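Just so you know, the sequences run in chain order A and B. Its first residue numbered 0, the first sequence is counted upward by one per residue in numbering that gives the first Met the number 0. Its first residue numbered 0, the second sequence is counted upward by one per residue in numbering that gives the first Met the number 0.
Source of the hints: derived by calculation from the structure; they are not laboratory data. Treat the numbers as computed from the prediction; the structure is a model and nothing was measured. From the three backbone atoms N, C-alpha and C, an ideal C-beta is built for every residue, glycine too. One thing to keep in mind: the hints can contain errors.
Distance ranges between label pairs, derived from CB positions [claimed, not checked]: (1) B:VAL350 to A:LYS229: 52 to 58 angstroms; (2) B:GLU292 to A:GLY206: 38 to 44 angstroms; (3) B:ARG103 to A:GLU371: 36 to 42 angstroms.
Here is how the chains run, residue by residue.
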Amino acid sequence: MRLLTVVVTLWLATGALAAEAPNGFVSLFNGSNLDGWVVAGNPEGFTALNGRIHSDGGKGGDWIRSAKQYGNFVLRLDWMLSKVGNSGIFIRNGPRGGGFEVQLLAPWTPRRDDLHCTGSIYGHVAANPRPDETPLRWRKLEVSAEYKHITVKIDGVQCSQADYDQVPSMKDLALAGYVGMQDSHTGEGEWVEFRNVEIEDLDQEPGFVAQGLASSDPTVRRVAYDNAIKLGPPMVGPLLDMLTRGGAAERHVAEMALERIAANASAPGAEAQAVAVQASLVARLSAHESGAAEDRVCAARLLGLVGRSDQRTVAALEKALQENGPVSDAALGAMQRIPGQAVTMALIHALRQASSWQQPALLVALGARKDEAAIAVIADTARSGTGDVQLAAVRALGMVGSAKAIPILRRIAAGAAGAVRQAVADALIVLIDAKGLDDDARLEALRAARELAVTDAQKAAAGIAQ
Amino acid sequence: MRVSRRRFLGAAAAGLAEAGLGFPAVAQVAKAISPNEKIVVAHVGVGGMGMAHVQWFASMPDVETAAVCDVDTSHAAAALGRLKEIRPDTRAVVESDFRRLLDRPDIDVITYATPDHWHALNAILSFQAGKHVYGEKPLSYDIAEGQAMLKACRRYRRVFQLGTQIHAGENYHRVVELVRSGVLGAIHTVRLWKVGGDVPAGFPADSEPPPTLDWDLWLGPAPKRPYNPRICPFMFRYYWDYSGGVFADFWCHVADLAFWALNLGAPRTASATGSDPLDDMVTTPGFMDAEFEFANLKMYWHSRVPELPTAGGRELGIQFVGTQGELVADYDTRVIFLDGKQLQDLPEVPVSLPRSLGHQRNFLDCVKTGSQPESAIAHATRMTLPMHMATIAYRLGRKVTWDAQRAEFVGDDAANRTRHRPYRAPWSLPG
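Modelling step: build the complete structure from the supplied sequences, incorporating the hints.
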């Protein structure tokens, strides 16, 4: 038992490290009925029994398809044909075609050519080597579809492959659609059976999608882009990785996709997505790595859209403020946007720790948050600060939009001259129109501005005749 | 004595009105320049459209050009050279940082043709310094900027003209008269379009900025990034960090006519779809279609010629659809579709609007008289809001609903966060 646990753990660990999931296959057939399938023709053309899907000739079943569409995948199934049965597997088909068929055939008289035999991509690519077509025995088919590249294997042996760009007749085929099975469309008495129908949807695997985004083929990039956005939160990590190691084109696509994923996660009602995206962004922002910081800049910026004021997020942003350059710029921007008093408190804390050259930016960010909780500390800084720090604090007092700022600004102006006095007047003029102020407070701001106005424009704003 | 609440409010309101607290419908501007005085003008951002500003204003006899300013000294030098051809005796100086212009009390007017992310700061800091402003479109980079510009313009009682020179033309005036006359019936649908969006920028490497360019000042409040020749000069328009693509470039020229003719308020909703550019370093969409719901009509934006029999293949156009008829226009032409006929004009609709003497002339006259110009800040803010709403809807990938009373989106926290893009230090948006 202990040994088994070790083996399983080891297997899981290996699986997690491998580029491909060890077994991302899901069964498309429940073995007992056709739930999850759509019969295109006469429903009686297909039946399910004892783990097999059965189709009789002459019933007009046409074809049976998956409920969902698939773009990139590996499809596996077993099939068996009656003596002169004829069937096939449809790949990326719309309701009325648009995809292609992998042929499944019993030996016919006259013999069909390699372009229309078992394992051929019917009418497009000949089978080579041509598989054995002996009927009445189970065989294994595997079709892998990765963007424009198709591979067909029968009983483990590759028998055809195609690239849409290399096969002229395939160049306009769809890159996504239903998978399905053709009915037995020889006469009465002939039949086809399928079992173990399973599919690995590669578009659900972040690593596969990320590879597509890095493709040099614009069509592939576009498909991968749409898939990345659909996949959402699990893509955030791989996309952030691309920002640090990819070329310019790759970084561009990754950043565009990240913006879309964050935007979708920010939608009303997408709470679970938002939590997942935020967790990935916070993890990245907190990860300390030297060298390129594009991923952390992007993580901080997107937190401005989807971030909440929980403790981990706020702590990560506050820590990022201590760095120089784009990371702290982006973190400060996010902290202006994320609501919640925890963010205000973190900025106040940062302001107290900051050296004087960092303080103006923090003051302006506090002002932009319009949170009254910051008034006291901004006021302290406005009184005690000098130069750019004092000017920024005065501006911030105007931006917060609180009546409490008015007497504070008045006091600062009493001892000030020049640029500070001018800034105080401009801050008071901003307050006249502030949303949160009642008429009395607005009038008070106006009177204060009138007393102080030093420039003609300020006098005009305060209604002083020139 | 007990003062009733109603009475108290009334008294307070009277006090506010007396103090000039409330905004009058048309803000009265303090007159600073007498009719015979010269208006002293300085131009900011003179590389592209700004060169036209220099020439337009220098050709006005009552203008004296005080300075040409650009973060790229080669642009400023070229503009000064052009100015000297028009005004050989000019005493204009060259500046690289527009804040130095604000310290000069002799300058009456600032005009700017900077990238969009600079417009609000250019305008508001100029208002604070007592300058009147002629500013290029679009009005603002985001919603909060537009609101702050409106407040500052009115509060400091300055004249502001949004540079939508098409507004001054005869055709737009006549279209407004025709639409307002009611001959088309009640207008229920408006379509606006301008073809374009794909920009073959490729992915050239970042590089050192040209020695003549102050790249950090060019970026200003926008996020810091290395210089790239496909961003500056000229291509900034195709990046969200600085602008909003062909849509933001042309929206105001086209929407101007609809907002003017129909006196529209804010739309209730906006939604937008399009195509993200993956094959070039630009970030604004290769095409974008938007839809707006107003109280009594629907408005559409297309970046391809709409499939309308009446569009006539115009690459830019405005279509008014009424209960009685239809009118399609572009900058210089119009067609009226009425009773199965196609007409250029309807003589029975009287000429009622005063014609413009020209967009720049109109602005300068207002600087002297203290009245508001033809593309005044209120009109500019109103018609620019839907542009920002559509951009937000596009970037968020969902329909957004606007509450005009509260100036916020309804039930969408993230959308409300995008009303303002935080400025990079040391810049801050007053208001």
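- Sort out which numbered hints this structure fails and list those numbers smallest first. Checked against the structure, no hint fails, so every one of them is satisfied.
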